[in-house]
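Visitor: Sequence:
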Amino acid sequence: MGLTPIVCIAQDYIHEKPVDDLRLRKVILELRDNKTEHLSGYLPLVPGMPLLLTENIATELGLSNVTQGIFRQLVYDEPPEDVRYHNQNFPPNPKFITQPKYALVEFPSCKLNEKLAQLSSKIVPIAVSEQTFLFDTKELLPENVTKAAKINKKTTKLTVKRKALPLISPYSMTIHKSQGQTLDKIIVDLVMPPGPLKLASVYVPLSRVKRLDDLLIIRPFEFATLPVKPSTAKIEELKRLDRIAQNTRKRFQFIA
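Mapping of the sequence shown onto this note's numbering: position 137 corresponds to residue 137, and the numbering continues sequentially without gaps.
It is worth saying that the hints were derived from the structure and are not from the lab.
A virtual CB, placed ideally from N, CA and C, is assigned to each residue, including glycine.
Incorrect hints may have been included.
The following label-pair restraints were derived from C-beta to C-beta distances [stated by the list, open to error]: (1) Ala224 <-> Asn93: 41 to 51 angstroms; (2) Glu114 <-> Lys210: 57 to 67 angstroms; (3) Thr174 <-> Leu134: 17 to 27 angstroms; (4) Thr174 <-> Phe252: 39 to 49 angstroms; (5) Leu3 <-> Ile244: 50 to 60 angstroms; (6) Ile217 <-> His15: 24 to 34 angstroms; (7) Ile187 <-> Ser64: 20 to 30 angstroms.
Make a model of the complete structure from these sequences and hints.
Guide: Quick look at the structure:
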């Protein structure tokens, strides 16, 4: 398509100063977003790709955490010099952006009655957000230094302030993250991790699409994953609802 891939790089600060140690910066950028208050270190962007909000922007307009959108354009300042990052997950020769201002994202479900000035309908600018999180440096320190810090009761944790766009790519997500969403097509893994089986772990992913044809189960799984024996309380509640339904049909002469 002739599009240059864009990668937004988060800006991290310790004691109000940019992280300039290359090794430390690389490790912090590669942290999973569930450890960085849901601000990604790297955010690849291509016009037309789907995105999810990771913060409540304007709940009254339907712009809240996990709202689905479509990336349209990035507005940013050019860095004073060419920026390069080495990461095997990136395609060849992407454009690295370290000073984003905002992303223009189309939200089909947005409740804006009128389009914003100079923007198409349903397109909203999403500005850079700021969050603070803790990073434990013990993995980077020699073992003797870590032990000495523990003996002297000194913390090995750093407080990091991150500035980044509150957006993620939803090409893959946890079951928890998918709750409440209706998706066009999904691939689901029903091989559950060890531990007690929760009904929501099965029900939620299987009910994200409207048609069975839009669901693909990626690998074989134990059939015992599906049947879950309802509790006595649930059975009684189902019976109660069934009695109400039958009485309603009789009262209003509905055809069963």
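Visitor: Compare the structure with each hint and give your call.
Guide: The hints, checked one at a time:
1. Look at Ala224 against Asn93: about 49 angstroms separates their beta carbons, and that is inside 41 to 51 angstroms.
2. Our hint of 57 to 67 angstroms for Glu114 and Lys210 is violated, since their Cβ atoms are close to 30 angstroms apart.
3. For the pair Thr174 and Leu134, the beta carbons lie near 22 angstroms from each other, so the given range of 17 to 27 angstroms is met.
4. Restraint check, Thr174 to Phe252: a C-beta distance of roughly 44 angstroms satisfies the suggested window 39 to 49 angstroms.
5. Separated by about 56 angstroms at the C-beta atoms, Leu3 and Ile244 satisfy the suggested range of 50 to 60 angstroms.
6. Checked against the given bound of 24 to 34 angstroms, the beta carbons of Ile217 and His15, roughly 49 angstroms apart, lie outside it.
7. The given range of 20 to 30 angstroms is respected by Ile187 and Ser64, whose C-beta atoms sit roughly 25 angstroms from each other.
Checked against the numbered hints above, the structure violates hints 2, 6; every other hint is satisfied.
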